[in-house]
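With the hints as constraints, model all of the structure from the sequences given.
Under our numbering, the first residue of the sequence shown is numbered 324, with each subsequent residue one higher.
Derived from the structure by calculation, the hints contain no laboratory data. No residue lacks a Cβ here, since even glycine has one placed at the ideal position from N, Cα and C. Check before you lean on any hint, since a few could be wrong.
[Claimed, not checked] Straight-line alpha carbon distances no greater than 25 Å define the calculated DSS-like cross-link-like pairs of lysine-lysine that follow:
#	residue 1	residue 2
1	LYS657	LYS745
2	LYS678	LYS657
3	LYS676	LYS632
4	LYS632	LYS428
5	LYS647	LYS657
6	LYS589	LYS713
7	LYS434	LYS632
8	LYS372	LYS342
9	LYS745	LYS678
[To be verified] Label pairs and their computed distance ranges (CB to CB):
#	residue 1	residue 2	range
10	LYS327	THR628	48 to 54 Å
11	THR787	GLU753	27 to 33 Å
12	SER586	LEU709	29 to 35 Å
13	TYR336	LYS647	31 to 37 Å
14	GLU352	PRO534	35 to 41 Å
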Amino acid sequence: MLTKDILNALKGYTGNMQKAVTFVLQTGEHSKRAQLQQFLAEIAGVSEKLQLQERDCGAALRSPVSFLLEVDGEDTGIRFSGIPSGHEFNSLVLAILQASGTPIKLDDSLKAMVANVREDLHFEVFISLSCHNCPDVVQALNQFALLNPRIRTEMIDGGLFQDMVTERDIQGVPSVYLNGELFANGKVTAAELIDKLAARNPDITEAAAGPALPLQDVVVIGGGPAGVSAAIYSARKGLQVTLVADRIGGQVKDTMDIENLISVPKTTGPALSGALQAHLAEYPVTVKEHLTVARIEQGPVKVVTLSSKEVIHSKTIIVATGAKWRELGVPGEKENIGNGVAYCPHCDGPFFKGKDVAVIGGGNSGIEAALDLAGIVKSVSVFEFLPELKADKVLVDRAQSRDNISIYKNVATRSIKAESGKVTAIEYVERDTDETRELPLDGVFVQIGLVPNSAVVEGIVDRTRFGEIAINEKCQTSAEGIYACGDVTTVPYKQIVISMGEGAKASLAAFEYLLAESDNLQAIYDSQFGSAASQAA
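Next up, the structure:
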């Protein structure tokens, strides 16, 4: 099953394993069991510290195509139901390495929060092997299980467990269940999972407080192209920099084909996100990933409180929080998210195989989504509000050449219809005739642009009525010492290459400000916070 190149790479990865890891495969009959058995045997063959055992584990394993990981005979709490190939292959490899002793790359405050959970938690993560967002969730929960013996987690391939998918009426992935109840649905970050855990177990945040950081020159909020660019440029100036992000890569991580990043003819969102993370690691930046900013207190010295309750003091802040999917705001949209309404065609497209779907939005994102879906679904109907499509001509030409893509222009979506908990039709208005029509279908993918993630600075800096942070030509906001860059700002044309440039510009502007104000800000910090900070440290 695995190529020679993959097996050779695995030999390299497993060369420094500290502990023996055993795959414990459930006994029994299943049409895919032999394939899974061969898959695990090939992996086990790359290292003496990997073994495969077949054992009747009873209720501990769901199916003959389920297996768990043991370390030195102890259950790690990590289970896989299905063959973790495709995007989930990395989840398995990472679980093996981390179970065997490779350090878990979570912030110390997050490790303390997870370790402080005092109830038994059983997570079930329904995935599809083509979902590129699912591994983030699987890998985060695997780490939780390794950090706390009261946590157990199971990856479940929905393609092999259709009865469970039908029973729970799952129409989007990842779908996360906790102790049998829906916990998270659709795209969810590790930061959101931790926030949900903290909401369920408020006491765990008390364990998160660690040694306080010294006064920072720059705190960058956001880990997309703009944020990473700002952090790298700041570090190259010799500044003390902390970057806080729910995930490195940001919205880019949800994009598959990227063909307009100059000098890189073609890449993918996950690949670019990995490159951003690797580049960031080359510099002495304190990275607080899987965390969010809960509150900012403006003043000469800024006080940044994280979701873990950790407090960071900084001379400047660069806001690079990006944007999120814009919602239609029509009846039937929110009510049917995960039941036919979706925002990520790469994640949820496979659940509509052979079905009729609509894509709302005729920009680049909408047409790219239609092209992606056309290879999976029976038909795609694109709905565009304006008389003409806004997408690039090369994309429009591709869409028009596909037999199963229909394009409706100058139409307004009125509502999304559903029966028995499933989407059945879309109601729309032809704007030139004002005639209302209804199109039967099974799913709706919303691709109508982005909403700025600027709530964290509400009331602190000026924003437009659309929520964009107002900045000048040097990325300065209305608040002294606070800069902003990327898709969260008023800069036109939301593009990766533009965001990278804006991040660099914001960093250089902050550096220019610090040249004049740094000593004064240090004196203010020493006067107002110095003694308290030294005690916390």
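Outcome of the hint check:
About 13 Å separates the Cα atoms of LYS657 and LYS745, which keeps this hinted pair within 25 Å; it holds. For the hint pairing LYS678 with LYS657, the CA-to-CA distance comes to about 21 Å; that is within 25 Å, so the pair holds. Of the supplied pair hints, the one linking LYS676 and LYS632 is violated, its CA atoms being roughly 44 Å apart against a limit of 25 Å. Simply put, LYS632 and LYS428 have alpha-carbon atoms about 19 Å apart, close enough for the 25 Å limit, and the pair holds.
Restraint check: the Cα-Cα separation between LYS647 and LYS657 comes to about 15 Å, which is no more than 25 Å; the hinted pair holds. For a cut-off of 25 Å, the pair hint linking LYS589 to LYS713 stands: about 22 Å separates their Cα positions. For the hint pairing LYS434 with LYS632, the CA-to-CA distance comes to about 14 Å; that is within 25 Å, so the pair holds. Restraint check for LYS372 and LYS342: the C-alpha separation of about 7 Å stays at or below 25 Å, so the hint holds.
For the proposed pair LYS745 and LYS678, the alpha carbon gap of about 13 Å is at most 25 Å, so the pair holds. In this structure the hint that LYS327 and THR628 lie 48 to 54 Å apart at CB holds, the actual value being about 51 Å. Remark: the range hint 27 to 33 Å for THR787 to GLU753 is upheld by a beta-carbon distance near 32 Å. Between SER586 and LEU709 the C-beta distance comes to about 33 Å, which sits within the given range of 29 to 35 Å.
Look at TYR336 against LYS647: about 34 Å separates their beta carbons, and that is inside 31 to 37 Å. Taking 35 to 41 Å as the suggested C-beta distance range, the pair GLU352 and PRO534 does not conform, at roughly 55 Å.
Violated hints, listed in ascending order, are 3 and 14; each of the other numbered hints is respected by the structure.
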